[in-house]
Amino acid sequence: MTICEENLTSETVKQDTQADSLLTIRGLKISALLDSGWGEIVHGVDLDLKAGEILGLIGESGAGKSSIGLAAMGFARNGCKLTEGEIKFDGIDLMQASEKQKQSLRGARIAYVAQSAAASFNPASSLIKQYCEAPIKHGLMSSESAEKEAIELYKKLNLPTPDLIGFRYPHQISGGQLQRAMTAMAMSCKPDLIIFDEPTTALDVTTQIEVLSAIRDIVREYKTAAIYITHDLAVVAQMADRIQVLKDGNTVEIADTKTMLSAPKEDYTKSLWAVRNINREAKQQSVEDDYILQLKNISASYGNGTQNVLHNININVKRGQTLAVVGESGSGKSTTARVLTGLLAAGEGEILFNNKALPLNYKKRDKETLRHVQMIYQMADTALNPKQTIGQIIGRPLDFYLGLKGEKKQARIKALLAQVDLDPDKYISRLPGELSGGQKQRVSIARALAAEPEFIICDEVTSALDQVVSEGILNLLDRLQKSLNITYLFITHDLSTVKAIADEVVVMLQGKVVEQEKTDVLFAPPYHEYTKKLLSSVPQMDPNWLDNLLKQRQQERNQS
Amino acid sequence: MNKTKTLNHANTLNKPIDRRRFLSGSLATGAAIGASSMMSTNLMAMPAKKGGTLRVGFTQGATSDSTDPATFNNDFMFTYAYGVFNNLTEIAPDGSLIPELALKWDATPDAKMWIFELRQGVSFHDGKELDANDVIASINHHRGEQSKSSAKPLLADITSIKALDKYTITIELAGGNADFPFIFSQYNLVIHPAKGESIDFTSMNGTGAYKVKQFEPGVRALYQRNENYWKEDRAHLDEIEIILISDPAARLNALTTGEVDLIDRPDLKTLHLLKRRKGLRVEQTTGTKHYTLPMLSDVAPYKDNNVRQALKYAIDRQEMVDKILKGYGTVGNDHPIAPSMRFFNNELKQREYDADKSRFYLKKAGLKKLDIQLNLAESAWGNDTVNGGVLFSETSAKAGINIEVVREPNDGYWSNVWLKKPFCASYWGGRPTADWMFTTAYADGVSWNESRWSHEKFNQLLVAARSELNQERRREMYFDMQRLVHDEGSTIIPMFGNYVLAMNDKVQHGQTASNWNLDGLRFMERWWIS
Amino acid sequence: MFTFLSSLRTAPLSAQFGILIICIYLIAMVFAPWIAPYGETEILGSAFEPWSSTYLLGTDSLGRDMFSRIIYGARNTVGIALATTILAFLVGGLLGIVAAVMGGIVDQLLSRTVDVLMAIPSLIFALLILTIVGTSTSSLILVIATLDSTRVFRLARSVAQTVVVMDYVEAARYRGEGLWWIIRYEVLPNISSPLIAEFGLRFCFVFLFISALSFLGLGTQPPLADWGSMVRDNATLITFGDITPLIPASAIALLTIAINFVVDWKLHNASGLKDE
Amino acid sequence: MNSILLMTLKRLSLGVITLFVVSLIIFSAVEILPGDLAQEVLGQTATPETIAAFRHELGLDKPAISRYVSWLTNMIQGDFGHSLANGRAISDLLSDRFSNTLFVAAYAAIIAVPLALTLGILAALYRNSWFDRIANITTLSSISFPEFFVAYILILFLSVNNSFFPSLANISDSMPLSEQLYRTILPAITLTLVVVVHMMRMTRASIINVLASPYVEMARMKGMSPARVIVFHALPNALAPIINVIALNLAYLVVGVVVVEVVFVYPGLGQLLVDSVSKRDITVVQAASLIFAGTFILLNLIADILSILSNPRLLNPR
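Chains as they are written, first to last, in my numbering: chain H, 1 to 560; chain F, 1 to 530; chain Z, 1 to 276; chain W, 1 to 318.
Read the hints as simulated data drawn from the structure, not as lab findings. Don't take each hint at face value.
Beta-carbon label-pair distances, calculated as ranges [said to hold, decoys possible]:
id	chain 1	residue 1	chain 2	residue 2	range
1	Z	Val106	H	Ser436	35 to 45 Å
2	F	Gly196	Z	Ser136	48 to 58 Å
3	Z	Val106	H	Trp273	51 to 61 Å
We treat Cβ as the ideally placed atom computed from N, Cα and C, and that holds for glycine.
In isolation and in its complexed conformation, chain H is listed as follows (with noise of 0.2 Å):
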């Protein structure tokens, strides 16, 4: 119903703006290749763009935002066909046009900016020969002239040392910079449009905000239309003049950005704006020093003790309790928990389990102090063997620690589905592939709480996870420890999480506790330096938070 009403809308819109129209998608309808064969993954979707406008396309992974982002190109992945719809960019009908039409556009007319800068960068060339490679090669500019406009926007980006920084290669620059490069990489030929496909989302926080900015400003400077693709709301609102929702391959609604964020129509995108806030009972105080770990003086290192990573680190851990761990990249949060597991030898510093020193190797740990701590991984995809079916991922810890066998051993396997919400009959014979993230997460767990431990480490577990579904990993993870009285060590960079899921809270920084402090006192003022950067940096839904950040930071370095 809605879908028509916004057709007809849509419709209108694009009589009344025929002349500034640049891109018109009717109808379109993309099929890719799956297991089964052929399915239709995207059911027919219209887009308008003005010139100079800037849409926001926005759903959860599956929703087929990328896909359509990569047919306003005229372009369709491998294992992907444009299968049905008219697609007019400037008057060429790029589902007829030729390739060679279509490649003398791409880059040229129409760019791309890709979601991981690193891997979509050429590993083997330097970042200002890339830059030069479509204005020449589209003919459009000298060698000479290209690099002095490379030079140029890498000044307007803000990128360190412009006038160098275009020679090195790709590996050798942080993320933030390489997006920053990819953006100005789009602008080579200054497009008509340009299509970023979730620029930020593997970006800290902190880094984030200056990528923003920088594409903001850019985009804004050379009028350049553009197709803003992400899962987060409060992102795009910093971005778009326009937000499109898809869901399963179709839109669920468009309007404005303002309208959107005060007064969404669907349910589904209402359900998108909650899921913003989580709010969590809180939990009975435990015994003051019940401490189910801690970690002494630990300081720790990489490669033969060259680069050292963690230096003294002291955290204590109440039992039954949920500590989080956050820092930026980079901060030692991770190799926290490794050096906990063991799996890194720590070499200096104590590990107290129950008050008792554990052995900093693991190997020299015996077999029930590894079944009482447990660790789920962020990555589902490679923390599962492919090869093996849920079953037998969840049964091995029956049998390896506890001795269950034969039908024992597989009625407990389906308890623990059912208590991670999966039905046992369907999954227990499954193949990890044949999962969604959200449910390979639950496998996960499942797979940690067979083992019946008293802690798990949970590393950076709904970081690679849409809203929704991290959302349901947090309410179960929260609903297990309940019940089970389970400690949990929580490592995250997202904030949100910290705040909807923690009792306690360590802020790490280039390898040392900033401040352990407990939650509700941590996200109150006043704040610690870096934690109040941090907080700061989360985006919000309000379309001005950006720019009244940036405001609010320029003030402080000015008075500074």
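Starting from the known structure of chain H, arrange chains F, Z and W on it as the hints suggest.
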């Protein structure tokens, strides 16, 4: 000296040697091996032409080849020996023994004491003149404790060698040997210049028809005519290039593409196709080369002559000749004397394949069936050795003898299998005389007695015949020996192989010798191109 | 098996063709005595009879039926090559994974040993060993398998190294699992596809190696019909344009191509590229 | 750059150890071989006395260990020694043969490597097209035929039926280079056919392997032509495995060509080695094996260095 009686003298003393004389030369008491049978076409006594280069593709030769005459063991070195050097005696194409560096020789009646008179005025390539010292040094190189020469056993009977003067030497033997001068035609016994007590073999300096221009063992050799060669009507070619081509197909290709003029051991399988090519021809010489299957006579079940007889009847000789030699050979009769040789026993009935007889002998040995192993390698019979074994096993199976054919590595065959495994394959190039052949491989206790066969009567006859000067009695003795080997010997000799050569029509020659391949290995000085 | 068959239905034509050829070979291998008109070593008539209804492909130099020998040749040739390749993969693959999983001194020791073995020219090494131990079928298989296992070791080690760093392997280690479990259940199933691909090529190289050995007189034992030696035996005929040796050679070639078609398909599936 | 130097040094010293072990293995293997030089040279004509005399002359009657040690001490001093069989200096003997081997290996490599790369790139570019398939089938067929057979077929067509090229690769130092190249063209083509497929398939496979990576997609998004995408974006990142396979095949060209040498009667090191093994000429076997092993080690080292050079990640650390 006056006691010596002329046993053996050539009729060409002091006269220039010409080729025609060899062809028609009267044989005083000369021991003829027998005329070779040439089966090629255009063999007319055309006058030899001088000049040109002959390129030859050879099978045998190795990088490890040494110019030390003690270790000559393949065609590459044999032809080097006969091409660059001379011997005391030479076997003529008709099989008779003729003088080479020795002008004439005499012996005492018991054939124990021999005197050789050397040719005068012969010089080495470096100009030095040949004398008795060189000859004695060259012979002594193969004698004595320190010698590693393969000719050592041949000279074992010599008790002393002395120079009477610059051109005469005397040799004393432990026992009489009427065929003694034949030995000096052997390729090892080529005459090198003396160097102190020993000889200088590294400078490749001989008295022969060709000088070495380039010599790379295992690869090639290039020879240039010795313009001062002492023989007349020999050494027709300006240059001879010998290239080692061990792969049969490559050899064939080289000949068909004209990169060589002559190849040895052509692949028999394809000879019928080769003959059809224009400008190419195949020549074969029936010689003394024979294939053997020795059974160790002191190992069960071969201790029992009945078993040996059973096996001798279980082999289909004609099929063997047809399929393994592709017809380029004749059937053997379980003794090593070739039909072309003096004293060949032509009264002995040819043994045929007879499964019933074989079974009869098997029964006589108290056996119903027999399971044995036959170990072979291509070193023994050439490319088709293994097929020969397979063929044997197929025919013997019908007589209740189960032969398991075991293919051994070529490499190490002679040290690892031959003389060690109870039943294996071997071959003999043949020896110019019956005595030489029997002494080498059938006499009791000699190291090459490949079947370890020991027969009292045979051994007595062998010694007696050696110094027997009455030709009739001698003939009878050799006939008896052949019969003994045929009936009681421990070696199956299924066939005699022809020497086969393939060449283009430019290659010309006179009558060819049959004692070795390649015109008695002397093609270098005898052949020419048109 | 069922999933294999169903995936076969969607396989490209070339892979289907490959499977068909492999099946034909397997049938020839298993049912040789029933398919072949004559015995493997039976001498029937004179040598080199032409092609006729009695002797489909004529006879060989001993008068044995060529067609029957080709059929039986499948057994010996493919059988030996298969046994050799499987053995090489068992030994090399296992040790390669062990080296990758255990790392450290074990890895160093195994890798250096393999370096040494690989540095010795394989043909010479085979020549030496086979001369020492003799060329029975079993020693032929053992020697070539040993030489080939060094190559398999390298591959298995390098692909296993990419798997060993995966979280699920770490999880298994951390659980306290033993070496065998990690090898058998965590690593092996995940490196099977590059190993299978290598299996295809290795299998062919074994053919070639055996025929090179038979060129040097060290091939299979007579009177076994084996394609490599059949090519070798009749090779001189090619000089005269006689195609006899082409038949066993093509038999090898066809199988090589068929196997690699299947391997290519498997590889393509594994590469994640979904081209039409 | 320093890390490369360090690695090179480390690998070279490892290589020396490897060579030492190889020499030990080869020595013991030849020792275990039935028969020795005396027996093999005298062959069927040997008698116990002549063999004993020959052994004594060559010093083969000394214990194996002392022979090995004296060989090793000479070797360390750079003295390869002399051939036991005919006393020729091994350094002379080998330098000729080895330069021949290198000559034809280089010849084949100059044809094969660019050909394999080109075919591989084209096959990746037009993957699953008729071109890909035909290239695939023909190259696969060419390795499914035994080397000697490929050689015979080439000889049949190019030498016997049409006399384009000589069937014997009979060269000498005195020939001009063009003549040498002409005479060795058939072995070079044969070797090319033997090695090209492996390299081509690896080129194709590793290019296709990176085609799914985001930077290749990015290049296409920039509107680059398929050819440019493959040559400038995919290939440079797929080089490491290709280089490794090329190194392996070059090693094969040097080390594994005995059969081709035999068929074309080309006096290379391989044939010398086989000859010497069969004659148990242990000093020659040792020296030739070491040269082969050294070649293999060096080529692998070079491949690894090139792989590093081709990877800016390793070449330009952060």
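Against the structure, the hints come out as follows:
1. Z:Val106 to H:Ser436: 35 to 45 Å: holds (39 Å)
2. F:Gly196 to Z:Ser136: 48 to 58 Å: holds (52 Å)
3. Z:Val106 to H:Trp273: 51 to 61 Å: holds (56 Å)
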